[in-house]
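Dock chains B, C and D with the ligands against chain A, hints included.
The listed protein sequences correspond, in order, to chains A, B, C and D.
Every letter in the first sequence is one number past the one before it in the working numbering, and letter 202, counting from 1, is 202.
Throughout, the working numbering is defined as the position within the second sequence, counted from one, plus 329.
Throughout, the working numbering is defined as the position within the third sequence, counted from one, plus 658.
Throughout, the working numbering is defined as the position within the fourth sequence, counted from one, plus 992.
Read the hints as simulated data drawn from the structure, not as lab findings.
Any given hint could be a false lead.
[Stated by the list, open to error] Under the rule of at most 25 Å between Cα atoms (straight-line distance), these lysine to aspartate or glutamate pairs were calculated in the DMTMM-like manner:
{"hint": "1", "chain 1": "A", "residue 1": "K313", "chain 2": "D", "residue 2": "D1298"}
{"hint": "2", "chain 1": "C", "residue 1": "K960", "chain 2": "B", "residue 2": "D651"}
{"hint": "3", "chain 1": "D", "residue 1": "K1294", "chain 2": "A", "residue 2": "E292"}
{"hint": "4", "chain 1": "A", "residue 1": "K252", "chain 2": "D", "residue 2": "E1167"}
{"hint": "5", "chain 1": "B", "residue 1": "K591", "chain 2": "C", "residue 2": "E709"}
{"hint": "6", "chain 1": "B", "residue 1": "K613", "chain 2": "B", "residue 2": "E343"}
{"hint": "7", "chain 1": "B", "residue 1": "K464", "chain 2": "D", "residue 2": "D1298"}
{"hint": "8", "chain 1": "C", "residue 1": "K705", "chain 2": "C", "residue 2": "D879"}
{"hint": "9", "chain 1": "C", "residue 1": "K960", "chain 2": "B", "residue 2": "E343"}
{"hint": "10", "chain 1": "C", "residue 1": "K705", "chain 2": "B", "residue 2": "D580"}
{"hint": "11", "chain 1": "D", "residue 1": "K1294", "chain 2": "A", "residue 2": "E207"}
{"hint": "12", "chain 1": "C", "residue 1": "K705", "chain 2": "B", "residue 2": "D586"}
{"hint": "13", "chain 1": "A", "residue 1": "K313", "chain 2": "A", "residue 2": "E303"}
{"hint": "14", "chain 1": "A", "residue 1": "K295", "chain 2": "C", "residue 2": "D842"}
{"hint": "15", "chain 1": "B", "residue 1": "K591", "chain 2": "B", "residue 2": "D539"}
{"hint": "16", "chain 1": "C", "residue 1": "K943", "chain 2": "D", "residue 2": "E1313"}
{"hint": "17", "chain 1": "B", "residue 1": "K581", "chain 2": "C", "residue 2": "D679"}
{"hint": "18", "chain 1": "C", "residue 1": "K960", "chain 2": "B", "residue 2": "D586"}
{"hint": "19", "chain 1": "C", "residue 1": "K817", "chain 2": "C", "residue 2": "D679"}
{"hint": "20", "chain 1": "A", "residue 1": "K135", "chain 2": "C", "residue 2": "D842"}
{"hint": "21", "chain 1": "A", "residue 1": "K252", "chain 2": "D", "residue 2": "D1013"}
Here is how the chains run, residue by residue.
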Amino acid sequence: MTDKALPTTARVLEMHRMMCTIREFDEQAGQALDSGLARGSVHQYVGEEAIATGVCANLAATDYIASYHRGHGHSIAKGVDPVGMAKELLGRTGGVCGGKGGSMHIADFSRGMLGANGVVPDGVSLAVGAAQAVKLLRQDRIVAAFFGDGALNRGPLFEALNWARVYQLPLLFICEDNLYSATQRTGAVTAGPGGVARAQSFDIVTETVDGNDVLAVDAAAARLTARIRDGGGPAYLYATTYRWYGHLAFDKGLYRDPAEVKSWRERDCIARIEAWLIGRGVDKAALAATREAVKRAIDAAYEAARAAPFPDKHHAFTDVQDIGGPAWA
Amino acid sequence: MTDKALPTTARVLEMHRMMCTIREFDEQAGQALDSGLARGSVHQYVGEEAIATGVCANLAATDYIASYHRGHGHSIAKGVDPVGMAKELLGRTGGVCGGKGGSMHIADFSRGMLGANGVVPDGVSLAVGAAQAVKLLRQDRIVAAFFGDGALNRGPLFEALNWARVYQLPLLFICEDNLYSATQRTGAVTAGPGGVARAQSFDIVTETVDGNDVLAVDAAAARLTARIRDGGGPAYLYATTYRWYGHLAFDKGLYRDPAEVKSWRERDCIARIEAWLIGRGVDKAALAATREAVKRAIDAAYEAARAAPFPDKHHAFTDVQDIGGPAWA
Amino acid sequence: MGVMTYAEAARLSLEQEMDRDPRVWALGEDLGPEGGVAGQYRGLQQKFGPERILDTPISESMIMGSAVGAAICGTRPVVELRYADFGFCAADEIVNQAAKIRYMLGGQVRAPLVIRQSVGMRNGMAAQHSQNNEALWVHVPGLVVIAPGTPADTHGLLKAAIRCDDPVVFLEHKELWATSGEVDPQAGPLPIGVARLVRPGADATLVTWSSTLGRALEAADALAQSGISLEVVDLRTLWPWDRDTVFASVRKTGRLVVAHESVRVGGFGAELVAEVAQTMFPALKAAPVRVASPRAPVPYAKPLEDMCRVSADMIAAAVREMLPADPSGPLAGT
Amino acid sequence: MGVMTYAEAARLSLEQEMDRDPRVWALGEDLGPEGGVAGQYRGLQQKFGPERILDTPISESMIMGSAVGAAICGTRPVVELRYADFGFCAADEIVNQAAKIRYMLGGQVRAPLVIRQSVGMRNGMAAQHSQNNEALWVHVPGLVVIAPGTPADTHGLLKAAIRCDDPVVFLEHKELWATSGEVDPQAGPLPIGVARLVRPGADATLVTWSSTLGRALEAADALAQSGISLEVVDLRTLWPWDRDTVFASVRKTGRLVVAHESVRVGGFGAELVAEVAQTMFPALKAAPVRVASPRAPVPYAKPLEDMCRVSADMIAAAVREMLPADPSGPLAGT
Ligand SMILES: Cc1ncc(C[n+]2csc(CCOP(=O)(O)OP(=O)(O)O)c2C)c(N)n1
Ligand SMILES: Cc1ncc(C[n+]2csc(CCOP(=O)(O)OP(=O)(O)O)c2C)c(N)n1
Ligand SMILES: [Mg+2]
Ligand SMILES: [Mg+2]
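Bound conformation, chain A alone:
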C-alpha cells in the first residue's frame, strides 16, 4: 500500500474469500482435466489470484472486462457463477456458453464478462472496441483488459495501446507477468525494459505492483480506475506474479527451475493476506471457515456440473448465424 487509508477488514475478507474461490475452482479444474471430465485446453490461474481479485474489486457490475486463455479467475472475480463455469468446463447444459465454448471462451455478458479468448491477445482488441462503444453510447462504464506477458510482443497489443490513447478510451490494461509464455521465459524474447516502458511510450499512465499482494493491486487499481472514470483516458497496470502449475493443466512445467517454483509458492498471495488479516485481529478459524465454505461451494459447483446433461446434439448447429446457418445448407 503506498497511499491513503488501509482498506476495511470487511473488504479484505471479501477479497480473501474471492481468492480462495478462484484457487479452489482452478484446483478442481485441473482435476477435471486429469480425470477426463474437462477437455481441450485448461489454463489454471493458481498463484495469480490476487490480480483478478484486486482489480475487479474496483469494478462495478456494469463495467466490462475482457480476458485471455487463463481466464477463470477474472470471470469469478467479475461475478460469474462458478456453477455455470463448471458446467461449461464439463461441456454441459447450463454452462455459461451452453457447452459450446469451454474453458477458453467462458463469458457472461450479464456480468460484464466479455470472454476469455484463445488467441493472444485478441481479448484486448475486443476490450478496445467495448471501450469505444461505451464512449459512443455515452455510457458510464469502464473496461478492463487482462493479458499475459507473452502478449507484450504481439503487434495487436501495440495497436491497442496506441488506439486507446488516441481516442482516450476508458480502458484499463492489466499485464499479468508470470514470467513465462507457455514454455518460454518471456524475458528472453522481450527487448528493453518491457511492458511498462512500452505503454509509457504511448503516453499512457502506468503503475507497477507486486501482483501477489492483493492490497497493492487493490490500491493501484483504485487509483487507476478512478482516473479512468474521471475521463483521464487509458491506464496500464503491470503486476508481477507466477503460475504454480504448468502452462496447461497437463503440462508439468519441467522447463522451470524447481527452486524458482518453490520461491514463488512461498510468496503465496492467499497465505500473505491471511497473515495480514490475522495481524488485524481476524481469527484463524474464521479464515479456515471461509476456505471450507468455499470448498463446499466449489465441490457443489462441479457436482452440479457432473450431474448436468450434455447439450442436445442439435445445438451444434444453432447460433452460427441467422441467415445462412448450417440448417440452410
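Frame of chain A; chains B, C and D with the ligands shown alone:
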C-alpha cells in the same frame, strides 16, 4: 552536421547528383501516370530525396535495403538502374521485374534492393528476415529498412523492433516522417511522442535528423551504420520531411494547407545542398550541368522504356511456382 | 429514381442507415478528409462528426478487432478495410473473432457488423491490390457474404448488411465504383440471399456476380446473335447463395457456367459447380464449367493483366463449347 | 524400417534435412525447451543450437514475415505456426508476401520456405484451435499445399517440402501426432503432387487426406462386408493434386466421393468435385458427393464436437447412396 569532419566536396557532389536523379525520375513518373503510360499506384518521393541519398551513401553494394510503396528514391540511391525502373513503371520488357511488379514492387537483388512493398510495413518484416539470414550465414552485410510515419501504428512494426533487438540483428530502421499517411495527418492518430520514443522503449539506439538536410542524414547514417557493422545491433533513424505532391501521383493533396506545402517547398533539400556547395566554392554552372545531365539520362530512360516492347503474354503464367503453376492446372 | 454511381449509392445507403439508427458508425483509414478511396464516405464525417465516421491509424488488427468489441457491446460498426488484400491483415480478427463469437459464447451475444472490402483488378494495381477473396469468407462459418454488381444492389444490400445481426462481408469492386445505374434513393433494404435473374434464357445458365456481370451480359448479347439464349443470374449474395433461383435455372437449361474474376482453383465457383453437380446431376445435359482467373498473382503490365481477366469472349466460348455441335439447330429440349 | 509416430517422423525428417543442408533452420514459439507442442522438434535445439532452432516471441507477423525475408536472402526457413488457427494472424505475410514475391519481382528471387500448421479437431480444442484451413491455401497462387496422413508420408513429404524452392504450406493433423506407422528412416523425399492409391476398389472412388484417411479405410472395410468395393485415394498433396490418379480411378469406378474434415462449403472437396464434374462428366455414373463438416464453428462439448466430425459411417452411407438400389447385385460395369 553535428560532429567530426565535414564530408568531401566530391562526396557531396555525388549526393547532389543522386538527389537530382531521384527527383527527375519521380517528376517524370508522375507525368507517365498522367499520360497513361504508367498505371496503378505511383507514389512520388519528390521532396524526400535527401533521406534515401544520405542513408544509401553509407551502404555497400552488398548491403540490403527494403522499401515501401514510396520506393523509387531508395532504389535509385541503392544503385538500381533508372532504365530498368522506367521500363518497369511502363510495364515493359527489360523492367527490373519484367513488367510484372510495377512501381510498388520495384526490386533488384543484384543491387541488394529487396523490393518496394504494397503492404504497410511488410518491407520492414522482410528486412528483419534478411538481417536474420545475414546473421545465420555469417555474412558481412547490414540491412536498411525504410518506412513512413503511417507505419508507426501497425502492429508488425513493433514486432519488428522487438525482434531486431532481441536477436541483435544488423538492421537500420529509417522512419521517413512526411507528416501524412495518405490523406491523414499521422500525428492525429499517433499517441505519445511518436516513433523515437517507441523505438527507445525497445532499447534501440535512435537518432533524429532533419530529413531535408542530406549532410545531417549522411552523418547520422554514418554513425548508426558504423555501430551496426561493429555488432551493436539494430538502430533507428528518424527523419522529418515532406512530400511535395499528393499521396499518389493523381492525388492533388487538397487536404493539406497550401501554406504548409509552400513552407516545406522552401526547405527543398536540393536547393539547400546547392547553396552549401556554392558556399564551398562549387560553380553554379557545374550544378546546372549536373541537373541537365541528369535530365538527359532520365529522359533517355523513359524514352528507352517507351520504346521497349510489352512483355510476351505467356509471361503472365511464368514464375508463379515450379510445381503446380498455372500451366499445370 | 435517379442515376448514380456505385460509389454514390454506397454513400447514400450508409448515410440513410446512419440517419435511421444512431448505433451505426463507421471506422477505417482516410474516411474523413476525402471520403474514402472512392468517395464512398464523402461528406459523412462532416455530417455525422468524427466519432461516428472515425478516422483510424493504419492498424488493421485494431480496426477489425475493436469493431468486434464494439459490436458485441451495443453498436453496429461498419468496418472499412480499404483493399481486400489488406483484409488478410485482419484475417484473424475476422475468422477467429467476428465470425465465431456468437457461437463460441453460446449465443449470448451477436456481432452485428459489416466488413467492407474493395476487391478486384483495376488498371495495374498489381499483385497486392487486386485480389478477390470471397472464397475464403464463404468458407468461414458465421459470415454472410455479399458482392453487389450494380449501384441499386449496392444501395439496397448495404442497408440489409447494416441491419443484419450477424457479421457481413461486403465486397465492393474497384472497377465498379465509377459505373452508373438507376437507383431509387428511397428504396429500402434488399433481401440477403436472393439472386437476380438479370436476363432470362433457355440454353444455358450463367451464374456470376460483381463486375463479371457486365462481361456476362456482353457474352449473352454475342451469343444471342448466334441464336443461343443465355440465362444470366447475378448471385449478389454469395453466402447464403440463392439455391432456388440457380437450381430452377439449371433445371430449365440443363447447363451451368459459373464465371468469376477470382482465381478458379478453390474459387467460389467450385462450390456452386460441386453443389449443382451433387444435387442436380440428372438434370445436367453437359459438364458444368467454370470460367475464372488462372492460378497466378495479378501482374502489372496491361497485356499480362489482361491474361488474368475473364472476358465476354471466354464466357461465350465456354457456353458454345457445352452446346451440341450445331448451334443453329433447335436447342430447346435437347 | 521402423515403427514411429507421426511426430517422431516429422522430427526425424527435419533433423535429416538440417544435417544435409546448413541453410535449413526453423523458427517458432516453444520449439526449444519441450520441442514443440507435440515434440516434433524435440532435441533439435540441443543438437543444432538456438540460432538454427529459433525460439521466438509470440509475434506471428514477424515469424512469417521474417521467414520470407530470410528465404529470399539465401536461407531455407521452416516456419512453425503452431495451430492453423494462428495462421490467420500471419495471413497477410503468407498471401501477400510469401506466395507472390517470386512472381511480383519477376522471378529474380525464390522464397524456399515451409509453413507448418497443425490442423484439425482434437478433444475439445474448440472453435479457435480446431480449424482446417487448406481451402484457403489451395486458392492462393504461389503456394504448394501438403497434408500428410501417415508417419511415412510426413517423413518423406517434409523433406520434399524443405527442398522445394517455392513456399509450401505443410498441414499436420493434431489427431495424428501420436499415431504410429512404418517409416524407413533412410527414405528420401517423396514426390510432391503424387497421390497414394491406398486401397484398390471397383465400385466408387473415395478421395481424402490427412486424418480422414483412417475413417475412409474403416468405411471401406464396412462396405466390403456388403460386397461393395471402395477405392481409396490419399491425396497427400492438395496443390498440385494428382489428377492422373484421381481421374484414372474415377474413370474406372464412375463414382466419386470426397471426404474431408474441414467445412464442406467452400472446402477443397468442392474443387475436386468441380474439376471432376467438368473434365470427366461422361464417365460419371452418379452425382459426385462431398462428405465434410457442416458450416459451423467447432464446438467444445463432446457430443457437439462429434456432430462436426466426418465418420466412417457417413462415408459408407454416402457411397451406398450413390450405388444402384441392389447392392448385392453385380456392380462392375454398371
Ligand atoms: C496468436 C497466438 N499465438 C500463439 C498462441 C499459443 N499460446 C497460447 S497461450 C501462449 C502463451 C501465453 O503466455 P502469456 O501471454 O504470458 O500468458 P500466460 O499463459 O503466461 O498466462 C501461447 C504462445 C495463441 N493462443 N495465440
Ligand atoms: C496494411 C496496409 N493498410 C493500408 C494501406 C493503404 N495505404 C497505402 S500507403 C498509406 C499511407 C502510408 O503512409 P506512410 O507510411 O506515412 O507513407 P507515405 O505514403 O507518407 O510515404 C496507406 C494507408 C496499405 N498499403 N497497407
Ligand atoms: Mg505469462
Ligand atoms: Mg507519411
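Here's how the hints hold up against the structure:
Straight-line distance between C-alpha atoms of K313(A) and D1298(D) comes to about 9 Å, which keeps the hinted pair within the 25 Å bound. About 24 Å separates the Cα atoms of K960(C) and D651(B), which keeps this hinted pair within 25 Å; it holds. For the hint pairing K1294(D) with E292(A), the CA-to-CA distance comes to about 32 Å; that exceeds 25 Å, so the pair is violated. At roughly 21 Å between alpha-carbon atoms, K252(A) and E1167(D) fall within 25 Å of each other, so this suggested pair holds.
This hinted pair does not check out: K591(B) and E709(C) have alpha carbons roughly 31 Å apart, beyond 25 Å. For the hint pairing K613(B) with E343(B), the CA-to-CA distance comes to about 15 Å; that is within 25 Å, so the pair holds. Taken as a hint, the K464(B) and D1298(D) pair is broken in the structure, with Cα atoms around 48 Å apart against an allowance of 25 Å. For the suggested pair K705(C) and D879(C), the alpha carbons sit about 44 Å apart, so the restraint of at most 25 Å is broken.
For a cut-off of 25 Å, the pair hint linking K960(C) to E343(B) is broken: about 37 Å separates their Cα positions. For the hint pairing K705(C) with D580(B), the CA-to-CA distance comes to about 24 Å; that is within 25 Å, so the pair holds. Among the hinted pairs, K1294(D) with E207(A) is inconsistent with the structure: their alpha-carbon atoms are about 43 Å apart, more than 25 Å. Under the criterion of a C-alpha separation no larger than 25 Å, the hint pairing K705(C) with D586(B) is consistent with the structure, at around 22 Å.
With a CA separation close to 23 Å, the supplied pair K313(A) and E303(A) stays within the 25 Å bound. For the proposed pair K295(A) and D842(C), the alpha carbon gap of about 66 Å is over 25 Å, so the pair is violated. With a CA separation close to 17 Å, the supplied pair K591(B) and D539(B) stays within the 25 Å bound. Proposed proximity of K943(C) and E1313(D) is supported: the alpha carbons are some 22 Å apart, at most 25 Å.
Distance check on the hinted pair: K581(B) and D679(C) sit about 35 Å apart at the alpha-carbon level, beyond 25 Å; violated. Straight-line distance between C-alpha atoms of K960(C) and D586(B) comes to about 36 Å, which puts the hinted pair past the 25 Å bound. Straight-line distance between C-alpha atoms of K817(C) and D679(C) comes to about 11 Å, which keeps the hinted pair within the 25 Å bound. Annotation: proposed proximity of K135(A) to D842(C) is violated, straight-line Cα distance about 35 Å (limit 25 Å).
Simply put, K252(A) and D1013(D) have alpha-carbon atoms about 35 Å apart, too far for the 25 Å limit, and the pair is violated.
This entry does not satisfy hints 3, 5, 7, 8, 9, 11, 14, 17, 18, 20 and 21, going by the numbered hints stated previously.
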